[in-house]
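Student: Single-letter residue listing:
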Amino acid sequence: MEDQELPYVLIDCIEGKHGVYKDHLGFLKKRFCLITMKEYLENKEILSKKIRAIYMWYHKPVIDEELLRSLPNLKIVSSSGVGIDHLDLKLLSRFGVKVSNTPFAVSTDTADFGMALMLASARRLVEGYQMAVSPDTEYFPGNWLGVKVSGATLGIVGMGTIGYKVAQRAKAFEMKILYHNRNQRNKEEESAVGAVYCKKIDDLLQQSDFVMLAVNLTPQTHKLIGKRELELMKPTATLVNISRGLVVDQDALMEALQNKVIRAAALDVTYPEPLPRDHPLLKMKNVIITPHIGSATEDTRRIMMQDMAESIEAALAGLPVPNEVVL
Amino acid sequence: MFRGRAFGLLKSLHLMGSQPNLPHKLIHPALTSHVHHCQKRRNVDYRQSYNTGPTSAGGRTLNVPQNKVMAEQELPAVLILDIGGTQGVLENLVVLLKKHFRLVTMKEFLKNKKEMSKKIQSVFVFECRPTIDRELLESLPNLKVIANSGVGVDHLDLKMISSFGVKVTNTPQAVADSTADMGMALMLASARRLVEDTEHFAVDWLGVEVTRATLGIIGMGSIGYKVAQRAKAFEMKILYHNRNRRKMEEEQAVGAHYCEKMDDLLQQSDFVLLVVSLSPETRKLIGKRELGLMKPTATLINISRGAVIDQDALVEALQKKIIRAAALDVTYPEPLPRDHPLLKLNNIIITPHIGTATVQAIRMMAEEAITNMLAVLNGQPIPSEVVPK
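Chains as they are written, first to last, in my numbering: chain A, 4 to 330; chain B, 1241 to 1629.
Please keep in mind that the hints were generated in silico from the structure rather than gathered at the bench.
Any given hint could be a false lead.
[Unchecked claim] Mimicking EDC-like on lysine to aspartate or glutamate, the simulated pairs with C-alpha atoms at most 16 Å apart in a straight line are:
| hint | chain 1 | residue 1 | chain 2 | residue 2 |
| --- | --- | --- | --- | --- |
| 1 | A | K174 | B | E1314 |
| 2 | B | K1358 | B | E1331 |
| 3 | B | K1501 | B | E1521 |
| 4 | B | K1472 | B | E1490 |
| 5 | A | K286 | B | D1437 |
| 6 | A | K63 | B | D1444 |
| 7 | A | K93 | A | E68 |
| 8 | A | K20 | A | E276 |
| 9 | A | K101 | A | D139 |
| 10 | A | K263 | A | D302 |
| 11 | B | K1399 | B | E1625 |
| 12 | B | K1358 | B | E1314 |
| 13 | B | K1528 | B | E1556 |
| 14 | A | K20 | B | E1314 |
| 15 | B | K1384 | B | E1625 |
| 16 | A | K25 | B | E1556 |
| 17 | B | K1472 | A | E177 |
| 18 | B | K1338 | B | D1373 |
| 19 | A | K33 | A | E276 |
| 20 | B | K1407 | B | D1373 |
| 21 | A | K288 | B | D1437 |
| 22 | B | K1477 | B | E1491 |
| 23 | B | K1584 | A | D139 |
Can you make the complete structure from the sequences, with help from the hints?
Tutor: Here is the structure:
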């Protein structure tokens, strides 16, 4: 049978809220024998030795020490998306398992989405839509205003691939661009987008009309934006988060929004996801929350899937692994 | 800075007294309702008489001439609908106006017509209010200029106003950036399904890409061109359709390809953006046939005027998934009746005509209108006069 020649790859499930997409199966099944978590648990004895890779689609299946111990021939965990804060890299390294992610596939869509959130928040698009369709609306009031994006100052915290693509887009809106990053980019990169380096994040916070978070989540960036940082921001400023919920001290953010310390927030990411339905952030008019859709387009998800397959194939062939995450 | 029209000599006329040519008629109170909406789109035939170029950048402070400090009574009188509230001129704009003009609200005018009617030399039209009709024009014998806040003047009967010897001005510079931004905001929000309610965080909640998609801009004036500049940064392929083709340098600067036939643009675009002014030629420009030419994966975005689209045809196209989605800042009327089918669709975003609704743009529009009014009253070159064809 063909299947016996293809490498065995563990996935969580197919279709449904978290599963591998039906229209990705054709591509994957040509290369791998896919084993769902359910199938694995039903037939552990035989399957545990065969599984050589885990295809981790949106943080599932969850990987713990128990699972790693029961998969002696596991070579690689390929994770979708760029964030790897959900993985215990030290643990995986101990078991000699490689890790890969998909940083470049997601970068463009996430940058687009950062721009989408910034524009939607500035122009009160969601509120406006609700007014336009509300059964109670009789007329459109004249004294209903947002704030400008063109010509405003954008402060990008985290100028990696995604942050830089945001800068490229914002430049076309004639925005003044400040950035804060662990390392300063080189002069050509800076002048290509007209970005000014702020060694101290405080300087960026004090001058920006829009603060966009595009860092990865690490112990250093955990609660990077707290009460102190929010108070440094202008009262007319907007916070946009396309990184991870934990980069922001959520309680401090709530308080800042309630007390009008900042004007508004637009978050594609929260902690947890989704927020409990009675969470105060969900009730605030000056907050836009989207369900972590920064990379949610058909084309990008397909590229992510292909990148992941490529990483798995390379690892199993003993070749250099594209998009490998090294400790 | 304004690019003034090529006037040879400055007119040396001072503010004129009463115009003897206008008939003096008995005026009965014509304006009973103070709530006017920009719903009545008269069949006006007009064309903007100035050039709009791609070099105007937003965010500049317009030079408003500084008058000597004059007693309020000596300042020229401007008629406005009202101050404050949800229908009147915003309070911070009133402050700007009062530096140069004596403000007369419609209420004050109607109470004291005999005295006020001769004094009023200009009308500041804010959000299409007050409505300018024949009766009002007849009751303002010394009216020189109607200054519109905003660039669209389809709510004004230009021929009729012109027949009274009154000039009309608009604010093309002030609106350009904010409206272009709104076009981009709507395109991104629609493509990425930003507005839709989600019950769950489903991994298969997918939108369509904006970067590297094809954008077709119908109407490549100031606003359309600024949209192109922004879209270029998203590596979009840009097609455009316009009455006239732009210069090669302008096209190359944004990577835009001219489609002489609108059909070509419709067939190739992933996003179709309408940025034309409303005229007899553009009324129902997008109808059943045009929607049928669009890709089934395409999105229609309207930041021009509701009447540019055949709304019934759009409802059908969205229901039958002939196109993927629509995002409209403008409809006909505004707001739509609450039982309108467009409100029930889930593949549509509607916003309440907020293309210029920013703190900064509203202020710039007032400043641009003030500059226009002063130019007319002082007999100087008028930065943005609108002349009927």
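Student: Next step is simple, just say for each hint if it's right about the structure.
Tutor: Status of the hints after comparison with the structure:
no., hint, result
1, K174(A) - E1314(B), "46 Å, violated"
2, K1358(B) - E1331(B), "26 Å, violated"
3, K1501(B) - E1521(B), "15 Å, holds"
4, K1472(B) - E1490(B), "13 Å, holds"
5, K286(A) - D1437(B), "14 Å, holds"
6, K63(A) - D1444(B), "14 Å, holds"
7, K93(A) - E68(A), "11 Å, holds"
8, K20(A) - E276(A), "14 Å, holds"
9, K101(A) - D139(A), "57 Å, violated"
10, K263(A) - D302(A), "39 Å, violated"
11, K1399(B) - E1625(B), "14 Å, holds"
12, K1358(B) - E1314(B), "14 Å, holds"
13, K1528(B) - E1556(B), "8 Å, holds"
14, K20(A) - E1314(B), "71 Å, violated"
15, K1384(B) - E1625(B), "12 Å, holds"
16, K25(A) - E1556(B), "30 Å, violated"
17, K1472(B) - E177(A), "13 Å, holds"
18, K1338(B) - D1373(B), "25 Å, violated"
19, K33(A) - E276(A), "33 Å, violated"
20, K1407(B) - D1373(B), "14 Å, holds"
21, K288(A) - D1437(B), "15 Å, holds"
22, K1477(B) - E1491(B), "12 Å, holds"
23, K1584(B) - D139(A), "15 Å, holds"
Violated hints, in rising order: 1, 2, 9, 10, 14, 16, 18 and 19; the structure is consistent with all others.
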